[in-house]
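Using the sequences and the accompanying hints, generate a full structural model.
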Amino acid sequence: MFGGYIIMIRKEWSLIVNSLMVQLAAGMYTCLAVYRVILEQQIGREAAITLTDPGMVMAGPILLFGMVASLFHLGNPARAYRSVTNIWTSWLSREIFFTGVFFVLWFVTHVMGINGHNHFLMTFLTVVAGLSAVVSMASIYYSTGKPGWASQNTYTDFLGTTVIFGIVSATVILYTRGAALEYSKNGLLIAPAILAVFILLIRCMEQINLMPSLTIDDNVLSLDNLVSAEPMAKKSAGMYKSLTLWGMTCSSIGICLVLFMLIAGHLIRGGLIIIVSALVVFMGEFLVRSGFYSLGQNENK
Amino acid sequence: MADKKYVMVIDLKLCIGCHTCAIACKQGNNLPNEVWWNRVMTFGGPTMDTPHGVFPNLKMSFLTLNCQHCDDPPCVKACPAEATYKREDGLVMQDYDTCLGCRMCIMACPYNDVRTYNENHPQYYLDFPVGDQSAKEQQKGTVSKCTFCYHRLDAGLSPNCIEVCPVRARSFGDIADSDSDVSKLLEARTHTQLLADKGTKPSVFYLI
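Keeping their order, the protein sequence lines are chains E and L.
Those letters in the first sequence? Residues 1 to 301, by our numbering.
Those letters in the second sequence? Residues 1001 to 1208, by our numbering.
Hint data in this document are derived by calculation from the structure and do not stem from the laboratory.
A couple of the hints might just be wrong.
From the structure, some residues in chain L lie toward chain E, with a derived Cβ separation under 8 Å [said to hold, decoys possible]:
1) 1078
2) 1079
3) 1109
4) 1117
Beta carbons: idealized from backbone N, C-alpha and C, even for Gly.
Structural data, given as structure tokens:
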């Protein structure tokens, strides 16, 4: 099992890192953009920008890191520029297009912000591009028709990770700005943390529905069973189940710890715990995503 | 070329599992070590020549599998670089010069193992490829698959696997021509397509 995991990670690390980084960037940017709008009503425009800006700026380098990681998946990285030529039918082309647009809009919005021109429309368009990249990414796998991928679970997982990353990272960012205690009191951070727990519950329930469908029936003799790629994907079901279980457990512990610290109001004293909790969530999502990609490893020879 | 629609017809009752088609494909297309575009499988299991059934009532049944050159190919839709494309005569092609090596075509294909990703520089048991010199050279970091031997078709010849079959289990031709061998075979015999429920409309028919 562990040896198989190492082999799988060696083959799929670039896709795992790329998907998680794009979702972290999109989630963090979106969540902080929403917080900015809410905080503007409470503490004024300038103060809201000061609190949220560092996180929104950080989304760009994180996204860039994810984009660079994806190049390592390609057999010919030098031809990567051709990857948007089939945008009309290929979800991969669309994902790369929207990721590129997300980065460009982030950059333009950031430069405008430096010059004191913070436009809501630009921020909104950046959020739309980021979320479109995540939806396109999920659609790549959904459209393959493979067991475990061609299910609603793929969208729930990818969008769920985006929202969870957004909420957890935004909490950490506000903590580092020294404002989390105050906003945890008025519920600005608690309500999203409860939403994160709810999303994780939905994902767990979907996994419970999905996992039985990954069982192989070796006794059925047919031409289709002989040639189909589906049994190959199902052969990785054991690794998928185990990684998903461990990952969901880590994410649950991390998110519940964040929620507990916010409700208990010990955020300032428990700052290190919040950061550790965020890292546990990240590790959990890494394991869940590793499980997801393990379903395709037999085919990516 | 535009009026033609090439299909392959394989008679499962005639196939004796001799692997001659697989070898001819491998040599004719200069396929590197361990790369097979055309495989011969048995119903009994994944290892070579495995019978199925319960002893003593065992039976050997063979199935050859290559790219099905689908009429509605999911690999063409999935390829982000248009490196996988469909010719007007129905052949689904892979352009090694534009392939990114993203393996989306492998993920999108419902059939198992009909494509190979050349992770490293192509290696040959001899120091050089020994097959048909008009076959396109394999490249590192690209995906390759059966081309229905397009280089031979363009020269007016049949694919390698068709020429060598000792029992004439394989036929190839234009299904748009009602006088062609393939049209007559499909009209006369019961046939099936693999994973027809996927809706990809494969161009390889199996006589059963």
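Going through the hints against the structure:
1. The interface hint given for residue 1078 of chain L holds, since its Cβ lies 6 Å from the closest Cβ of chain E, which is under the 8 Å cut-off.
2. A cut of 8 Å between beta carbons decides the hint on residue 1079 of chain L: the least distance to chain E is about 6 Å, and the hint holds.
3. Here the hint on residue 1109 of chain L is kept, as its CB sits about 7 Å from the closest CB of chain E, short of 8 Å.
4. About 5 Å separates the beta-carbon of residue 1117 of chain L from the nearest beta-carbon of chain E, less than 8 Å, and the hint is met.
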